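Residue numbers (the working numbering): 1 to 216.
Keep in mind the hints are simulated off the structure, nothing from the lab. Heads up, some of the hints might be wrong.
Said to hold, decoys possible - In silico DMTMM-like links for lysine to aspartate or glutamate, alpha-carbon gap of 25 Å or less:
#1 K131 <-> D168
#2 K131 <-> E102
#3 K150 <-> E189
#4 K125 <-> E189
What the hints assert, rightly or not - Beta-carbon label-pair distances, calculated as ranges:
#5 S19 <-> R153: 21 to 29 Å
#6 E185 <-> N17: 15 to 23 Å
#7 W192 <-> L157: 19 to 27 Å
In this text, all values refer to a predicted model and were calculated from it rather than measured experimentally. Where a beta carbon is used, it is the ideal one built from N, C-alpha and C, also for glycine.
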Amino acid sequence: MMLLRKFKNPRHVITANDSSQWPTTLVPEVVMTGRSNVGKSSLINSMVSRRALAYVGSRPGKTRFLNFYNLDDDVMIVDAPGYGYAQRSKDEIVNYGAIVDEYFSTRENLKGCILVLDIRHLPSKQDIVMKKYMEALGLPYFGVLTKADKLTRQNQLKQRKIISAAMDIPEDALLIHSAIKSEDESDTEQVWIMIDNLLAKDAKFEDDEEEVTEEV
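Model the full assembly from the supplied sequences, consistent with the hints where possible.
In structure tokens, the structure reads:
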């Protein structure tokens, strides 16, 4: 049986609407991205065993800026604005693109991404665009399929296979996450194992760069 990850002082650091407000720390960051109302805030709360660290709104499109959550200085989880919300104005959509693009393409602290998808639905065009965007930037990522408690286990596995084919992502890189407490702890720890892998890969890459620099 896996032990759920525990944090002494997980906290919301800032809601940043431009890069001047990004935290000036060396804490590694993992960004969470996905469509509006896909369950990113609920996933964050599950990951830190808190009910309300991240605000869970009933109305989609509530998150419009980058939200930084510091987890005991071990890692910063960054909640990106949800995409695909039809009621956003043109200016809001342009602003969303600018915020996300600047963060993803320039943030040195960023070590990897979590693409959050609703397991009940086929991926949208925006989901596929986001996946290709992360790949183009060379950012490592994995997917989390939320709202799995709405489906039977058989249908969860069936949907994961369908989403895997549609997104061209290996099934073992798509984690099924349920909100049911008996399943949630195991599902959530799997998310942390994948995050640990992202951070370990980045650390190895930095070590390899240092070795090459020393040899030159």
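Hint-by-hint comparison with the structure:
Proximity of K131 to D168 is assessed by CA-CA distance (about 9 Å); at most 25 Å being required, the pair is judged to hold. The straight-line distance between the Cα atoms of K131 and E102 is roughly 17 Å, inside the 25 Å bound, and the hint therefore holds. A distance of roughly 20 Å separates the Cα atoms of K150 and E189; the hinted pair therefore holds under the 25 Å criterion. Straight-line distance between C-alpha atoms of K125 and E189 comes to about 29 Å, which puts the hinted pair past the 25 Å bound.
Checked against the hint of 21 to 29 Å, the C-beta distance between S19 and R153 comes to roughly 43 Å, which is inconsistent with it. Restraint check, E185 to N17: a C-beta distance of roughly 35 Å breaks the suggested window 15 to 23 Å. As the Cβ distance of W192 to L157 is approximately 22 Å, the hint placing it in 19 to 27 Å holds.
The structure is inconsistent with the numbered hints 4, 5 and 6, although it conforms to all the rest.
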